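Chains as they are written, first to last, in the numbering used here: chain A, 1 to 113; chain B, 1001 to 1115.
You can take every hint at face value.
The list that follows gives simulated cross-link-like pairs (lysine to any residue, SDA-like), each with its CA atoms no further than 20 Å apart:
hint, chain 1, residue 1, chain 2, residue 2
1, B, Lys1042, A, Ala38
2, B, Lys1042, A, Arg109
3, B, Lys1042, A, Ser7
4, B, Lys1042, A, Pro8
5, B, Lys1042, A, Ala87
6, B, Lys1042, B, Lys1107
7, B, Lys1071, B, Ala1024
8, B, Lys1110, B, Asp1017
Computed list of chain B residues with no C-beta within reach of chain A, every gap over 10 Å:
hint, residue
9, Ser1012
10, Ala1029
11, His1072
Hints were generated in silico from the structure; no laboratory data involved. Everything numeric in this text was worked out from a predicted model, so none of it was measured. Every residue gets a Cβ at the ideal spot worked out from N, C-alpha and C, and that includes glycine.
Each chain, written out:
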Amino acid sequence: DAGVTQSPTHLIKTRGQQVTLRCSPKSGHDTVSWYQQALGQGPQFIFQYYEEEERQRGNFPDRFSGHQFPNYSSELNVNALLLGDSALYLCASRLGANTGELFFGEGSRLTVL
Amino acid sequence: GESVGLHLPTLSVQEGDNSIINCAYSNSASDYFIWYKQESGKGPQFIIDIRSNMDKRQGQRVTVLLNKTVKHLSLQIAATQPGDSAVYFCAENSHSGAGSYQLTFGKGTKLSVIP
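Bound conformation, chain A alone (with noise of 0.2 Å):
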C-alpha cells in the first residue's frame, strides 16, 4: 500500500521562474492538502481539495494555486518566485474532507537563488 508520494524530490528555481510540484495521495484517500515548511517552523496550510475543487485556503497569495485530478491526485503551482518561497513543501492526503487522520509525504524541497 503506496503512502502519499511526492515528485519533484529537491528542484532548484530562480527567481521569477514557475514550479510545478505533484503529489499522489494515499491509496483510497480522496482528499488533498498542501502546507509549506519553511526551515526551522512548523508546516503552513497552503490550501486543501476535494472533489477535485479548492475547499479551503490559507494565508498565501494568488501565485499559489493548485489543481486536482479524477484520480485524485494533485499538483501545486507557484507562479513567479520569490527567495521567500524557498521551503519543504509537504503534501497530506486523508479519506473526506473533515475527518480522518492526516499522512503526509516526504516533500518537495525547492531552493530559489
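Start from chain A and add chain B according to the hints.
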C-alpha cells in the same frame, strides 16, 4: 491572532527516561489536536490525536493530555529511545464552517535522546 506554540524549543533526555513535550494553544474553538513526529529529511508522521471531549488518550509508549481550562496540550513518551529523536509538532484543528478542516502547527520541539 490565534496560534499554537510550544514552551520549549529543545529537549534533551537520557535514554530510558520519560519525555514530556508541552504545547499551548489559544483558539478555544479548536476541537481536535494531533501530535506529529518529524525526522530529518522526512515528512511529519502521525503519533497520536485527541478530541476536545477527552482529557487523556494513550497509545503505545505515548500519552497525550489535554487541559482545556488552560489551553494546554502535552505529549508524554515513556522509556524514551534513540529512535524517538526528532522534532515534535502539535497541531490543532479549528472548524471555521461547513467542510473546513485546517491544521495549524506549532513551531516544534527538538527532542534529543542521549544514549
